[in-house]
Amino acid sequence: MPFTNEKELVEIFKNSQYFENLVEIDGSISREEVKGFFGVPDLVIIQPTGEKQISYAFEAKLSNWKRALFQAFRYKAFVNKSFVVMDHDLVKPALSQTDRFCRANIGLISIDLSGEVHCHYNPYYEPPYSPQLESKFNEKIRDSGEQHTIDLFQFS
Amino acid sequence: MKFKIFHQLGHNDVWSIQSINQENTGDGIIISPKNRKAKNVEGLGASIKAKAIFDPQMFFPRYIVKKMNTYDFYPSLMPGGYDTDRLNEYSPIFMEKCIEFQVRNNFGFLVIPTRFYDNLTNVDELIEYHNKNFVDPSLTTINNTKTDKEILFQWVLTSNILTNKDYSETLLTWITGIQKIGGVYLIIDPPSRYGQIDDPKFLYLLMVFVNELFKNDLKVVLGYLNSESLLLSLANPSIVSIGSAYQNIRRFDPKNFMSDLEQDVKTPTFKMYSPKLLDWFDFPYMELIKERIPDDITYWGENRYSKIMFDPNYQGRSIHKVEPHKHYFIEISKQLRDLSALDGERRYNRLNDIIESAKSGYEQVRGVNIELGNRDAFLPAWQTAAKSFASEQGWI
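These protein sequence lines are chains A and B, in that order. Heads up: the first sequence begins at 14 in our numbering, then just goes up one per residue. Heads up: the second sequence begins at 707 in our numbering, then just goes up one per residue.
Chain A on its own, in the form it takes in the complex (with noise of 0.2 Å):
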């Protein structure tokens, strides 16, 4: 039975042991509908690593996979690892295009009601193509303390 809306997905793919590892690393930082950059991630994670840091974004959708590639890909601007979240239900029409995943080097996921997570393509860690966002998004995020929504309009 697929998702009734993606405030359910995203609610059941935050639950999940997948976005649970990820965020299980002493210092990870997780937010949600990250505003203000260059489109609104559904979920973002700073992930310490040793020295360097490793960010995601996630963009989930029912359907209109290349609405959300489109949408993920803008995310790369000031992410490393950018993933659509998709109902297992509805993502064969995204599996018949994986290819155009990898040219963009964006992770496909799709995930049951279940909290079973299917991971498609798992994208390789990329600088973001936009310094300046980066660092922004990096400042930002870590200077938003508890808050689950930041709101930052203008980069400059």
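Calculated directly from the structure, the hints in this document are not laboratory data. Do not take every clue at face value.
To be verified - DSSO-like, lysine-lysine: derived pairs with alpha carbons at most 30 Å apart:
hint: 1; chain 1: A; residue 1: LYS105; chain 2: A; residue 2: LYS149
hint: 2; chain 1: B; residue 1: LYS1027; chain 2: A; residue 2: LYS149
hint: 3; chain 1: A; residue 1: LYS153; chain 2: B; residue 2: LYS1027
hint: 4; chain 1: B; residue 1: LYS803; chain 2: B; residue 2: LYS708
hint: 5; chain 1: B; residue 1: LYS1027; chain 2: A; residue 2: LYS48
hint: 6; chain 1: A; residue 1: LYS48; chain 2: B; residue 2: LYS961
hint: 7; chain 1: B; residue 1: LYS996; chain 2: A; residue 2: LYS153
hint: 8; chain 1: A; residue 1: LYS149; chain 2: B; residue 2: LYS996
hint: 9; chain 1: A; residue 1: LYS79; chain 2: B; residue 2: LYS977
hint: 10; chain 1: A; residue 1: LYS149; chain 2: A; residue 2: LYS20
hint: 11; chain 1: B; residue 1: LYS773; chain 2: A; residue 2: LYS153
hint: 12; chain 1: B; residue 1: LYS852; chain 2: B; residue 2: LYS886
hint: 13; chain 1: A; residue 1: LYS65; chain 2: B; residue 2: LYS996
hint: 14; chain 1: B; residue 1: LYS1013; chain 2: B; residue 2: LYS1027
hint: 15; chain 1: B; residue 1: LYS977; chain 2: A; residue 2: LYS48
hint: 16; chain 1: B; residue 1: LYS745; chain 2: B; residue 2: LYS852
hint: 17; chain 1: B; residue 1: LYS996; chain 2: A; residue 2: LYS48
hint: 18; chain 1: B; residue 1: LYS1065; chain 2: A; residue 2: LYS79
hint: 19; chain 1: B; residue 1: LYS710; chain 2: B; residue 2: LYS745
hint: 20; chain 1: B; residue 1: LYS1065; chain 2: B; residue 2: LYS996
hint: 21; chain 1: B; residue 1: LYS740; chain 2: B; residue 2: LYS772
hint: 22; chain 1: B; residue 1: LYS921; chain 2: B; residue 2: LYS710
hint: 23; chain 1: B; residue 1: LYS977; chain 2: A; residue 2: LYS149
hint: 24; chain 1: B; residue 1: LYS743; chain 2: B; residue 2: LYS1027
hint: 25; chain 1: B; residue 1: LYS708; chain 2: B; residue 2: LYS871
hint: 26; chain 1: A; residue 1: LYS105; chain 2: B; residue 2: LYS1065
What the hints assert, rightly or not - Label pairs and their computed distance ranges (CB to CB):
hint: 27; chain 1: B; residue 1: TYR873; chain 2: A; residue 2: THR111; range: 35 to 41 Å
hint: 28; chain 1: A; residue 1: GLY49; chain 2: B; residue 2: GLY901; range: 17 to 23 Å
hint: 29; chain 1: A; residue 1: GLU45; chain 2: B; residue 2: ASN794; range: 55 to 61 Å
hint: 30; chain 1: B; residue 1: TYR873; chain 2: A; residue 2: GLY128; range: 51 to 57 Å
hint: 31; chain 1: A; residue 1: THR111; chain 2: B; residue 2: ASP830; range: 57 to 63 Å
hint: 32; chain 1: B; residue 1: PRO974; chain 2: A; residue 2: ASN28; range: 32 to 38 Å
What the hints assert, rightly or not - From chain B, some residues computed to sit far from chain A (all C-beta separations above 12 Å):
hint: 33; residue: LYS855
hint: 34; residue: GLN885
hint: 35; residue: ILE1102
Backbone N, C-alpha and C fix where the C-beta goes; we use that ideal spot for every residue, glycine too.
Assemble the complex: chain A is given as a structure, and chain B must be docked to it using the hints.
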């Protein structure tokens, strides 16, 4: 027939005037009372005003927005507040004041104001109402002032009107029959306000409508345009407008003339026009395309502003910066002047080359693994509309 380029003024209209004067990116201006106080319009130089169209922006008689409250000709100023039932009584007064303001300022043209008609009311009733409240009192004033300025009939063309053949034909018959007008200042109300116009039927019908006016010896001024001005140039307009930057913010939107909704307008992020891709791109995309396709100058054009914007030390990228606006004026005016120098079939062929070049540009961008979604969906729509129009003209 060559056409002229007029800048549709709005926020920071001084940038347009500078651009025209210093960089020859236009032949005149269309003044927006929403954005410029009456005294500042009167203070414009005589040479600028002589090449100006004053857009009365009387689209909603009930509302006054921003600086429009510095003018004395809006129907909402009627004693006791605006009242539809009393418009008949007051419209001669307001039309007279509006026309007198235009005559006094010696603008290049005189514009008969219009209101915005959203729904398809009975066309005969609409014509009667519009003649009575707008056309007749304006023409009476113009007759009395003995001016020989060219008169423009203003109209907002909606998708509803265009796609209703009988309705649009009735309007054309009426407009082309109005004595004494020399042209039509046509404002396009697009079917969608997000991104480029990608409805080929709307674009084709729009070109047919414009060309019908042209065939009736009327000048056509196309207002509130984005880069679709390139496509619409096929339809023989006399003047096309270019607006101050940022993709769609200069596009006509009725909500911008209704004060209580004005605050809903979302401020756009920093963008730059690509003369190759015929659209606006956010800064991160600019950087990425420039990085992955570094040697092709056609993507961003070569002018002092593009150089400044790509300088790593360039600070404060926001809508308030002048460079993206002046860059757009230079690049789009180059493209429009190129088309203007050509006629009919040659203009069509050149436009087709521009669209083909844009299509190959998007392919090249995808080829370097940049995901642009459906950003190029407007190109086949433009090409289809252009081809249908060209076919009807016997150019292909």
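With d taken as the least Cβ-Cβ distance between B/LYS855 and chain A, does d exceed 12 Å?
44 Å, holds
Hinted pair, alpha-carbon criterion (30 Å max): B/LYS745, B/LYS852. Please report holds or violated.
25 Å, holds
Take a look at whether the Cβ-Cβ distance between B/TYR873 and A/THR111 falls inside 35 to 41 Å.
49 Å, violated
Holds or violated: A/LYS105 to B/LYS1065, with C-alpha atoms at most 30 Å apart
Given that 30 Å is the threshold and the Cα spacing comes to 29 Å, the pair holds.
Under the criterion that the straight-line Cα-Cα distance not exceed 30 Å, is the pair B/LYS977, A/LYS149 satisfied?
18 Å, holds
Pairwise hint evaluation, B/LYS871 against B/LYS708, where the allowed Cα distance is 30 Å at most:
29 Å, holds
Holds or violated: B/LYS977 to A/LYS48, with C-alpha atoms at most 30 Å apart
18 Å, holds
Starting from the hint 17 to 23 Å, judge whether the C-beta atoms of A/GLY49 and B/GLY901 obey it.
21 Å, holds
Between the alpha carbons of A/LYS149 and A/LYS20, is the straight-line distance 30 Å or under?
It holds: about 27 Å lies between the C-alpha atoms, which stays within 30 Å.
Are A/LYS79 and B/LYS977 close enough, with their CA atoms no more than 30 Å apart?
23 Å, holds
Holds or violated: B/LYS710 with B/LYS745, Cα cutoff 30 Å?
Holds - the C-alpha atoms of B/LYS745 and B/LYS710 are around 27 Å apart, at most 30 Å.
Quick one, are B/LYS1065 and B/LYS996 close enough, alpha carbons at most 30 Å?
Cα-Cα ~17 Å, so holds.
The earlier numbered hints that this structure contradicts are 1, 4, 11, 27.
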